[in-house]
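Sequential numbering of the sequence shown, starting at 67, is according to my numbering.
If you're looking for bench data, these hints aren't it; they were derived computationally from the structure. Please read all numbers here as calculations on a predicted model, not as lab measurements. A portion of the hints provided could be inaccurate.
[Said to hold, decoys possible] Ranges between beta-carbon positions, derived for each pair:
hint	residue 1	residue 2	range
1	E157	K182	18 to 26 Å
2	P84	R176	30 to 38 Å
3	H180	T138	22 to 30 Å
4	G173	R208	35 to 43 Å
5	T116	R142	34 to 42 Å
6	R176	N213	30 to 38 Å
7	P215	G173	40 to 48 Å
Glycine is no exception: its CB is placed at the ideal position from the N, C-alpha and C atoms.
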Amino acid sequence: MTLMNSSAAQQFDYRWSPINQISKVKVPKNLWPWLVTQDSLTAKLKSLGTLTVEVLEDSWGTPTARERRRLTLRPREAARIRTVLLKVDGEAVIYARSIIPARSLKGHWRQVKHLKDKPLGGYLFQHKGLSRSGIEITQLPRRMFPNQPNALWARRSIFQQFGPGILVNEAFFEEINQLKPPFGLL
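Model the full structure from these sequences, guided by the hints.
Below, the structure written as C-alpha cells:
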C-alpha cells in the first residue's frame, strides 16, 4: 500500500529544472531512462506486466500557482485535476497528477474527462497532432510519500494539441526499480 501526505502530494509545487540542467550522477542510474524517455510511459509499463490505474481524484479544482504559470492560466481559470497511481501487477510504481484546463478540452480531448480508470498517457499518445514540451525534473521531499525510503524523483511536461495543453507530473516510486527496464542502450 502506498501512503502519501495528500496535501503535499497534491501540490507538486516544487522547483523544476530542464533535463539538461540536472547532473545525471545525482539521479539513480536505473531511474534516469524513466525520467528522460519521450515515449509513452503507459506503453513501457504495459510491456512489463498488467497495468492498472487507481484514480485518486478526477474533478474540477485549483491548480497551484506554479502549475498555473507553467500553463499560462489566468488566476481563476477552471481546470480538471486528475491524480492516479499507475500499478504494474498490482504494485504502485508511479504517482501522476495531471492539470487539464477547460480551454484544452476541445476536439477529441473532450473525452479526457471520461477516462475513468484508463491511463491518460495511453489516450494522449494515440493522436498524431500531439506535441510535447521539454521534460523538467525535480526531487520531491521525502515527507511527500512517508512509506518510501528515499525522496522521489519526478518529471513533468506539457502535452500540446488544444488550448494551453495538459500538464502531466509523474513521481517514480522505488518499486519501479523492481521492474525490468524496457529501454535499449541510453
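Here's how the hints hold up against the structure:
1. For the pair E157 and K182, the beta carbons lie near 21 Å from each other, so the given range of 18 to 26 Å is met.
2. The given range of 30 to 38 Å is respected by P84 and R176, whose C-beta atoms sit roughly 31 Å from each other.
3. In this structure, H180 and T138 meet the distance hint of 22 to 30 Å, their C-beta atoms being roughly 26 Å apart.
4. Our hint of 35 to 43 Å for G173 and R208 holds, since their Cβ atoms are close to 40 Å apart.
5. At roughly 41 Å, the beta carbons of T116 and R142 sit within the given window of 34 to 42 Å.
6. In this structure the hint that R176 and N213 lie 30 to 38 Å apart at CB holds, the actual value being about 37 Å.
7. Between P215 and G173, the C-beta spacing of about 43 Å keeps the proposed range 40 to 48 Å intact.
Comparing the model with each numbered hint stated earlier shows that all of them hold.
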